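Numbering (the working numbering), first residue to last: 318 to 562.
Please keep in mind that the hints were generated in silico from the structure rather than gathered at the bench.
Being a predicted model, the structure only gives us computed values, none of them experimental.
Treat each hint with caution, since some may be false.
Claimed, not checked - Here are the simulated DSS-like cross-link-like pairs (lysine-lysine), alpha carbons at most 27 Å apart as the crow flies:
1) K511 <-> K487
2) K516 <-> K422
3) K530 <-> K426
4) K377 <-> K479
5) K422 <-> K511
6) K422 <-> K344
7) K422 <-> K538
8) K482 <-> K516
9) K531 <-> K511
10) K531 <-> K499
11) K538 <-> K356
12) K340 <-> K538
13) K482 <-> K552
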Amino acid sequence: MRSVVLIPARFSSSRYLGKPLVKLLGKSMIVWVAELSEKAVGRENVYVATEDERIADVVKEAGFQTVMTSSDALTGTDRLAEAATQIDADIFINVQGDEPLVDPKDILKIRDAKINDISSIINGFSWLSEDEDPHSVNIPKVIMNETNELVYMSRAALPGYKDPKNAPVKYKKQVSIYAFTKEDLSAFREFGRKSELEKSEDIEILRFLELGKKIKMIETKPGSLAVDIPSDVSKVENALRNNPQ
């Protein structure tokens with residue numbers, strides 16, 4: 318089975334225009350992510366899916382492959398689904414282009430979980446650190462059952478509680494590494510719209526719940542940081558300076 322990493326990278330991000338090209342310690346963020354993905358699956362199995370030639374030029378200059386997609390993809394996963402039609406592979410690992418601290422070992426962990434449970438969608442999670450706010454809308458919180466299947470994911474601080482003594486001691490957050498088959502991605506795209514929950518929460522994996530797909534959550538290394546807004550750049554750069562990878 319051939320496994321590839323497919324990185325969605327959109328220039329026209331509503332919260333941060335040109336985000337994939339932001340410089341982190343002098344290197345474009347999308348190149349950081351591609352290089353870490355290369356450590357997991359090899360350079361020949363890393364692709365960047367983008368609608369913008371500026372991103373494609375930077376990626377190709379760094380020696381990586383690109384797949385051009387349309388500019389009107391509803392979500393990053395829709396962009397991946399479009400790109401996947403142009404790639405001959407069995408497993409598509411989605412690594413977000415704004416996660417320059419992703420651990421290559423976690424990419425492989427997600428891939429192996431998909432190989433062992435091919436019918437499920439695979440997604441990563443970790444525990445929030447003490448300096449992360451569970452009430453931040455920029456952090457999707459994960460609700461799982463006792464067999465690590467996703468029940469729900471929300472930008473609200475979940476699980477909730479009625480009695481303060483039952484308040485959660487700590488929270489789980491989504492880590493944006495996923496594994497799909499081409500069929501998974503095709504079904505997602507063919508849904509044709511954002512589901513009501515997906516639209517409200519702005520969390521695209523929720524669409525798979527509407528499709529009746531089981532989503533298996535796999536624990537990954539804590540400490541993942543994403544660049545969601547410009548103020549995240551400095552803290553991500555500090556983390557990169559101390560990153561042992």
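Against the structure, the hints:
| no. | hint | in the structure |
| --- | --- | --- |
| 1 | K511 <-> K487 | 30 Å, violated |
| 2 | K516 <-> K422 | 32 Å, violated |
| 3 | K530 <-> K426 | 20 Å, holds |
| 4 | K377 <-> K479 | 53 Å, violated |
| 5 | K422 <-> K511 | 31 Å, violated |
| 6 | K422 <-> K344 | 22 Å, holds |
| 7 | K422 <-> K538 | 9 Å, holds |
| 8 | K482 <-> K516 | 33 Å, violated |
| 9 | K531 <-> K511 | 18 Å, holds |
| 10 | K531 <-> K499 | 16 Å, holds |
| 11 | K538 <-> K356 | 16 Å, holds |
| 12 | K340 <-> K538 | 24 Å, holds |
| 13 | K482 <-> K552 | 34 Å, violated |
Hints 1, 2, 4, 5, 8 and 13 from the list above are not met by this structure, while the remaining hints are.
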